[in-house]
Every structure is written in structure tokens, then in C-alpha cells.
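Build the complex from these two chains, which are given one at a time in their own frames, with help from the hints.
Residue numbers (our numbering), protein chains in the order written: chain A, 1 to 111; chain B, 1 to 116.
Among the clues, some could well be false.
Per label pair, the in silico range of CB-to-CB distance [to be verified]:
| # | chain 1 | residue 1 | chain 2 | residue 2 | range |
| --- | --- | --- | --- | --- | --- |
| 1 | B | Lys68 | A | Val84 | 31 to 39 Å |
| 2 | B | Thr20 | A | Asn75 | 13 to 21 Å |
| 3 | B | Pro81 | A | Asn58 | 38 to 46 Å |
| 4 | B | Asp57 | A | Val84 | 18 to 26 Å |
| 5 | B | Phe74 | A | Gly16 | 45 to 53 Å |
| 6 | A | Glu38 | B | Ser87 | 42 to 50 Å |
| 7 | A | Ser95 | B | Met40 | 25 to 33 Å |
| 8 | A | Val84 | B | Arg9 | 17 to 25 Å |
| 9 | A | Ser82 | B | Asn51 | 36 to 44 Å |
| 10 | B | Phe74 | A | Pro81 | 34 to 42 Å |
| 11 | A | Pro8 | B | Asn51 | 16 to 24 Å |
| 12 | A | Ser10 | B | Ser73 | 18 to 26 Å |
| 13 | A | Gly40 | B | Arg85 | 32 to 40 Å |
Negatives, chain A to chain B, calculated, CB over 10 Å [what the hints assert, rightly or not]:
| # | residue |
| --- | --- |
| 14 | Phe12 |
| 15 | Ser27 |
| 16 | Thr31 |
| 17 | Leu33 |
| 18 | Ser57 |
| 19 | Leu61 |
| 20 | Ile67 |
| 21 | Asp71 |
| 22 | Ser77 |
| 23 | Val84 |
| 24 | Tyr97 |
| 25 | Lys103 |
In case anyone wonders, no lab produced these hints; they're calculated from the structure.
All values derive from a computational prediction rather than experimental measurement.
Ideal placement from N, C-alpha and C gives every residue a C-beta, glycine not left out.
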Amino acid sequence: GQQLNQSPQSMFIQEGEDVSMNCTSSSIFNTWLWYKQEPGEGPVLLIALYKAGELTSNGRLTAQFGITRKDSFLNISASIPSDVGIYFCAGQPNSGYALNFGKGTSLLVTP
Amino acid sequence: DAGVIQSPRHEVTEMGQEVTLRCKPISGHDYLFWYRQTMMRGLELLIYFNNNVPIDDSGMPEDRFSAKMPNASFSTLKIQPSEPRDSAVYFCASSLARGKGDYGYTFGSGTRLTVV
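Next comes chain B alone, as it looks inside the complex (with noise of 0.2 Å):
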């Protein structure tokens, strides 16, 4: 398997723009989450999907991000509009549920976002 796929790998964009992020979970998991790390917060969970369905988006920060899971293989995280402070590395992670196998979440390799 090829792990969690993350694109893109990096992302400038000037503030105000829309950025979307996508994802693309391991096969057969059941659970999807995004995060997002700074040095400040360190690892902080935005949303999170179980057989596409959201389940607790309390994390969030604002009406400015929006995160959709249309199907099984993925996923998408939109920031419109973009501002400075949305600048982190975002992460998406999937985890198959407990009882099901190993439980732990597989992170992909992040998209760095920088908005000037």
C-alpha cells in the first residue's frame, strides 16, 4: 500500500486566495482526520470522518475552512479565504477502527502551507 497520499507538498499562496489540500486515505480504513501542526500548537485535530461522515469538526478554527469526504478514497480540506495565520504543515491521517487490527493512526508526509 502506498500509505496516506498528501497533495500538494507544498503550497504558497497570497492572502485572500482559496487553497484546497487533498487526500487520499489507505484502502479499507475507516476513519479520516485532518490536523494541522504548528510550533506554537503543536499537533491540533480540525475535523474528523468515519465511513465519510463527519463526526466532530469542533476544531475548526472558522467558517473559513471546510472539509469534505465525498467517498471512501477522498478527501478535501478548503481554506477561502486564506490569511497569514492559516500558514502551518496540515496533515491528513487515517486509522482503521479498533477491534478491526492495529489501531494508530498513519499520517501522510503533509501539506506545508505558507500564505503571504
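Pulled out of the complex, with its shape left as it was, chain A reads as follows (with noise of 0.2 Å):
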């Protein structure tokens, strides 16, 4: 499937601070989505976007689906330690139903 480019690889930052990865790919995808992954455990849901342009938020996270359809971003404000873990992108392509993840921005932080 299309590989997407998903930076940074990893942020090391302290509680309190604003973070904010990137997804790219260099094809159009219909779907966008935000996927967190614990230690041990499978990825979850955090955000899915729709349509170009759309600009989502779950509490302290924001994602937006660019207008090109070829990237993605996501806020996370006001960090605190519970929000350690690996943080992925992954799209859906024009043809298939399956996803494509990125390969993920592992985010540590200090209390």
C-alpha cells in the first residue's frame, strides 16, 4: 500500500508544551485518522476526518484534513504525561477499503 511520511519520528518534550506532528503522502486519500498505540496494546481510534478541509477536535487534540488530500496534522495542547505513546497517521486510497498507516511519531513526556 502507499507509504505515508509521518514526522517527526519522535518528540521529547515537557508537560505543558503544545505538540504537533505531520502525515503526508503523495497520493489523495478520502479518509484521514489519528490512532494512538500504548505499550501492549493495539491502536485506538482518536480522531477520523472526512472531507477536505475539515478541522476536528477531541478535547485537548486537533486534527485537520488538508485541502490538498494529500496530508494530514495533528494538534495536541497542553501535554501531560498520560499522553506518552506512539501516535499514527493512516489514510484510506481512492480504490480499497484498507488503510495505510504511517509509521508513527513516538511522544514522550515530562512531568
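As C-alpha cells, this is what we get:
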């Protein structure tokens, strides 16, 4: 499947800081999603985006579907220690139903 | 709902042995996916089913891998014979069809496979 380019690969921040990560693709996607994975568990859906330009929030998390349909970003405001984990972007291409995943952004938050 | 249930959580086996991973999707979900996760390659789609029918198995590494979905509530991923390079975390996920509700997979907790 189409590989998504996710950056940064890792982030090490202090509690209270804001975080921004993004994902790009050379292909158009119909849907963008953001997941969080904690150790020993499967990824958990955070936000789903269905339309180009859409901006959606879930608590301290905000994500946007790029107008070109080839990118998306996720912001976390006022980070807390429990935000620690790996964040994955995922996109559904025009053809097929399966999601393609980015390599993930590993987030570490120090108190 | 108990979510997507995978078993076993951990599996250690010797090279050459047969391994069977099991998955129970969320009741009513139309799609079931098998993914493999490694540090080097991230999350890779192996195969997915729609209404118990395999739709795309192009991600299955080779003939040693096979997957079945005999009914809407059960799927297996089998590796025979297993090799050390198969060591990874295998995830099962399920989802509704677009237009039937919230899209987005629900993942199980995964099976960590170690082949020695």
C-alpha cells in the first residue's frame, strides 16, 4: 500500500507544551485518521476526518484534513504525562478499503 | 461490547512449527483486517475480509501464511512453517462499512509472536 510519511519520528517534551505532528502522501486519500498506541496494546482511534479542509477536535487534540487531500496534521495542546505513546496517521486511498499507516511519532512527556 | 478479541496474547514457538492466531471481531462489523507490526516496517496490512470473504491478500508475505474467516465471528491467521523473521506483533481489527456509522478500525490487543 501507499506509504505515508509521518514526522517527526519522535518527540521529547515537557508537560504543558503543545505538540504538532503531520503526515503526507503522494496520493490522495478519502479519509484521514489518527491513532494512539500504548505499550502492549493495539492502536486506538483518536480522530477521524472525512472531508478536505475538515478541522476536528477531541478534547485537547485537534486534527485537520489537508485541502490537497494529501496531508493531515495532529496537534495536542497542553500535553500531560498520559499523552505518552506512539501516534499513527492512517489514510484510506481512493481504491480499496484498507487503511495505510504511517510509521508513527513516538511522544515522551516529562512531568 | 468486549471489543476485538485476539488469542493468544503471546506465542513462542520453534522454527518450523505451525502457528495459529485467532480473532473475534466486534459483532456486526462488516470488515476484518489482519496487520503485522515490526519496528522496521511499521504496520503492514496482510489481508482483509468483507462479510467473511477475502478481498485483498496481496500483503500476505508468502504461501506459508494463510487466513480464513469461516463465519462472521471468527478468523484465523496461520503460519506454516514458521520462521524467525515472522516474529512480530500481529493485530486483528474490524470495522463497519462506510455509511453505517463511525468509520475507523477497532484493533485487538495483538498477539506477540516469537519464533526461535
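Hints, one by one, checked against the model:
Distance hint for B:Lys68 and A:Val84: a CB-CB separation of about 37 Å, consistent with the stated range 31 to 39 Å. Under the hint 13 to 21 Å, the C-beta atoms of B:Thr20 and A:Asn75, about 42 Å apart, miss the expected range. Against the hinted window of 38 to 46 Å, the Cβ-Cβ separation of B:Pro81 and A:Asn58 comes to about 44 Å, which satisfies the hint. Between B:Asp57 and A:Val84, the C-beta spacing of about 35 Å breaks the proposed range 18 to 26 Å.
In this structure the hint that B:Phe74 and A:Gly16 lie 45 to 53 Å apart at CB holds, the actual value being about 46 Å. At about 21 Å, the CB distance of A:Glu38 to B:Ser87 disagrees with the hint of 42 to 50 Å. For A:Ser95 and B:Met40, the hinted distance range of 25 to 33 Å is satisfied, since their beta carbons lie about 26 Å from each other. About 22 Å separates the C-beta atoms of A:Val84 and B:Arg9, a value consistent with the hinted range of 17 to 25 Å.
Distance hint for A:Ser82 and B:Asn51: a CB-CB separation of about 38 Å, consistent with the stated range 36 to 44 Å. The hint said 34 to 42 Å for the Cβ distance between B:Phe74 and A:Pro81, and at roughly 38 Å that hint holds. Checking the proposed 16 to 24 Å range against A:Pro8 and B:Asn51 shows it is violated: the Cβ atoms sit about 40 Å from each other. For the hinted restraint 18 to 26 Å between A:Ser10 and B:Ser73, the CB-CB distance of approximately 39 Å leaves it violated.
Between A:Gly40 and B:Arg85 the CB atoms are about 22 Å apart, so this pair departs from the stated range of 32 to 40 Å. No Cβ of chain B approaches the Cβ of A:Phe12 within 10 Å, the least distance being about 18 Å, so the stated non-interface status holds. Even its closest Cβ contact with chain B, about 15 Å, leaves A:Ser27 beyond 10 Å, as expected for a residue assigned away from the interface. With a cut of 10 Å on Cβ distances, A:Thr31 falls inside the contact zone with chain B, its closest approach being about 6 Å.
The Cβ of A:Leu33 does not lie farther than 10 Å from every Cβ of chain B; its closest approach is about 5 Å, which violates its non-interface assignment. Against the 10 Å criterion, A:Ser57 stays outside the reach of chain B, whose nearest CB is about 16 Å from its own CB. With 10 Å as the threshold on Cβ separation, the claim that A:Leu61 sits away from chain B holds: the shortest Cβ distance comes to roughly 14 Å. Chain B leaves A:Ile67 outside its interface by the beta-carbon criterion, the shortest separation being 20 Å against a cut-off of 10 Å.
Under the 10 Å C-beta cut-off, the non-interface status given to A:Asp71 relative to chain B holds; the minimum distance is some 18 Å. The claim that A:Ser77 is not at the interface with chain B holds, since no C-beta of that chain comes within 10 Å of its own (minimum 22 Å). For A:Val84, the requirement that its beta carbon stay farther than 10 Å from each beta carbon of chain B is met, with the minimum near 18 Å. Not every beta carbon of chain B lies more than 10 Å from that of A:Tyr97, the smallest distance being close to 6 Å; the non-interface claim is violated.
Taking the minimum C-beta to C-beta distance to chain B, about 4 Å, the non-interface status of A:Lys103 is violated against the 10 Å cut.
Checked against the numbered hints given earlier, the structure breaks hints 2, 4, 6, 11, 12, 13, 16, 17, 24 and 25 and satisfies all the rest.
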